[in-house]
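Novice: Given the sequences, and given the hints that come with them, work out the whole structure.
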Amino acid sequence: MNLNSIKENKGKIRIGIPRALLYFYYAPLWETFFKNLDVEIVYSSKTNKRVLDLGTMSAVTDICVPIKIFTGHIIDLLDKNVDYILIPRMLGIEKIKFFCPKFMALPEVILATVPETSGKLLIPCIRYKKNVNGYIDGAYKIGEKLNIQKKDVKKAIKISTKYWETHNKTLKNGNLIGDILLKNEVTPDTIQSNPFKIKVALLGYVYNTYDSYLSMSSIKRLREKGIEIVGFENITEKTAYKEIKKELPKPLFWTFSNRILGAGLKYLKDDQIDGIIHITAFACGPDSIIGSVMELRSKEYEKPFLTIRIDEHIGQAHITTRLEAFYDMIYRKKSRLKNIN
Amino acid sequence: MKGKNKHIIKAKDRVCTVPYMGSPETFYVMFSYLRHNFIMPPKPTKRTLELGVKYSPEFICIPFKFILGTYLEAIELGVNTIITAGHQGPCRAGLYGIMHQMIMRDMGHKVDVIYLDPPSQGRLSLMKAVYKAYNLGKNSPFRVWHAGKLFFTLYYVMDKMEKHISKIRAYEIRKGKISELWKNAKEEFSKITTLEEMYDIEEKYYKLINEIPLKKVDESEKIRIGVIGEIYVVMEQASNFNLEERLNYLGVEVERTQYQSEWSAYNLKKLPWAQNPAAKQRIENALDQAEEHFPTYIGGHSKDNIGFIKILKNEKFDGIVHLYPFGCLPELCSISLIPELSHKYDIPIISLAIDEQTAEAHIQTRLEAFIDLIKSKRKYREKTFSV
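Protein chains in written order, with this note's numbering: chain A, -6 to 334; chain B, 32 to 418.
Calculated from the structure, these hints are not laboratory results.
Take the hints with a grain of salt, since some may be wrong.
Computed list of lysine to any residue pairs in SDA-like fashion (alpha-carbon distance at most 20 angstroms, straight line) [claimed, not checked]:
#1 Lys375(B) x Ser51(A)
#2 Lys122(A) x Ser151(B)
#3 Lys169(B) x Arg66(B)
#4 Lys243(A) x Lys198(B)
#5 Lys198(B) x Lys208(B)
#6 Lys88(A) x Leu157(B)
Source: prediction; values computed, not measured.
Specialist: Put into structure tokens, the structure is as follows:
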């Protein structure tokens, strides 16, 4: 860390936040926290071909595209002259549950594949602790590293935690994360009029669904056709685990995978939901389990279930055609039922 | 276990097997002794993999596919109960049991999968699983004790023999004889019911093996390769194209870092017959060495694999083969670190991904190139430093 950069920025430390992976879920929390610490937040560019290519060249060939994109965002941040880059070590936020192993070892993976980040990483350890919000420890450690007074850190934690709770309440009322975080990317300019009321569940990790480059604005496209979209975030944790308990003797090991699988199982049984779309990355480990359970169970409930697999070669045409075909199928089904009645 | 996932086979009707990994003869001995109706799982072949691939999720790791294929072939032989280990995550292996049962039942098979999870996943369910798996209803505690003793001692003896074979087979003059002896030894070991029988077989085969004529190679010319990686593809030779035999036939000694008896000694520290202090210490060293590069446990063996790189270098191994299933979550993290560590510790490491598309020729050519590289590196060193 060089003193010159501090002088240039009039004393404010520049913290880089990659606009990838769990940023889409935790942005309200992290943003509020850092804003109240009086540091300058620098975001990476939104995912584009350059970011994807940079990441693909540095990351291991076999690794999933969300990690490749994350790597690209890190390199992009280095170009933006930041003092630190935030990479939380997500170990767990629930009892005996984890995140995908790549999240748990993410700092090491980045240090190895982008060695220029050495000394620049802010790595709060997010670990489940009974009765204590796991991120608070990490928040204090960040304050320590940045030489910020403990009382200021405490204040920032209080304000950001409160904001986070309000944010989550909004989601329970039926909004998508994208509606709060990325209004332009998910709100259509025009909405077709539709003779039928169609409601579709779009399930996927936040970094696939809300990364506009990866999902190619799937939400916007579906909404343009007059379709109502619900996501995993509209099903509470409690409900999700209750659904999983009915199907599996034990839940999966990964927090967000359980959220998605539980939501999927709930939506399968919901008559109001006309179809389920699962957006997943090529070779995603946890999703191979989710996809398998959903496929086995969707047969029972006769609900249209579409899997869209994304990787670095994905093209707009591919996603658009599959969404259109899915929509056509649901539309025809509804027409047939209407004619029968 | 409730609802759809309840066990449906009555105890008296159980016909059991285990996944085929390494030396299932030990399980055959133990479970037969425990009065189970136990059938040896068939050794995986191309057909096994094809079956497994057909009914597995596309992107699940290859051990899942091999094991599912083994189960389906075992079902053809009359098996209706699978006994297997579980895990607490975060790698997917701990969900294999549930998923295998779901898929097989969806295919119409009436099967139970009894999986033994670590206590953190639920003590009550573990106790129930242990009761069923070890047939506690039909065996006295003494008999269960003796079964365990047979199992762990046999595994120790077989691993020791396999280590010896993977050394001297490099110098076999007429290729094939040592592998044949090992195959026969395994078959004879599977029939034991007492330790005396086991030691007799051990003695017999060491004699036979030591009679095989070997090339004389100078100590300074010997090349030793370590094998690290995900446990199934490292231990199960049918999944890695008989890697150890292949490397031996290229003239190099092989030793892997995953041996069932050594991991048992590490994990089950209190069991008297699983004691192997040297192996336990080596694994602990590996985990210590990994700390500076890889502080988090993320499942599988990724952490100790990283640590073993330094240990193998210190033990004067000449190169390392790193095996992993395509898409293996913990190993994807290790391979991100391996190029840097190979350079830092100055030891050649080759990473080979295994999946259903991997071709034999691919593995053979890469191994040949790797061994050539090591041999020429050595020659260069000798030339440079011999002046």
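Novice: Confirm or reject each hint.
Specialist: Consistency of the hints with the structure:
no., hint, verdict
1, Lys375(B) x Ser51(A), "19 angstroms, holds"
2, Lys122(A) x Ser151(B), "16 angstroms, holds"
3, Lys169(B) x Arg66(B), "7 angstroms, holds"
4, Lys243(A) x Lys198(B), "43 angstroms, violated"
5, Lys198(B) x Lys208(B), "14 angstroms, holds"
6, Lys88(A) x Leu157(B), "18 angstroms, holds"
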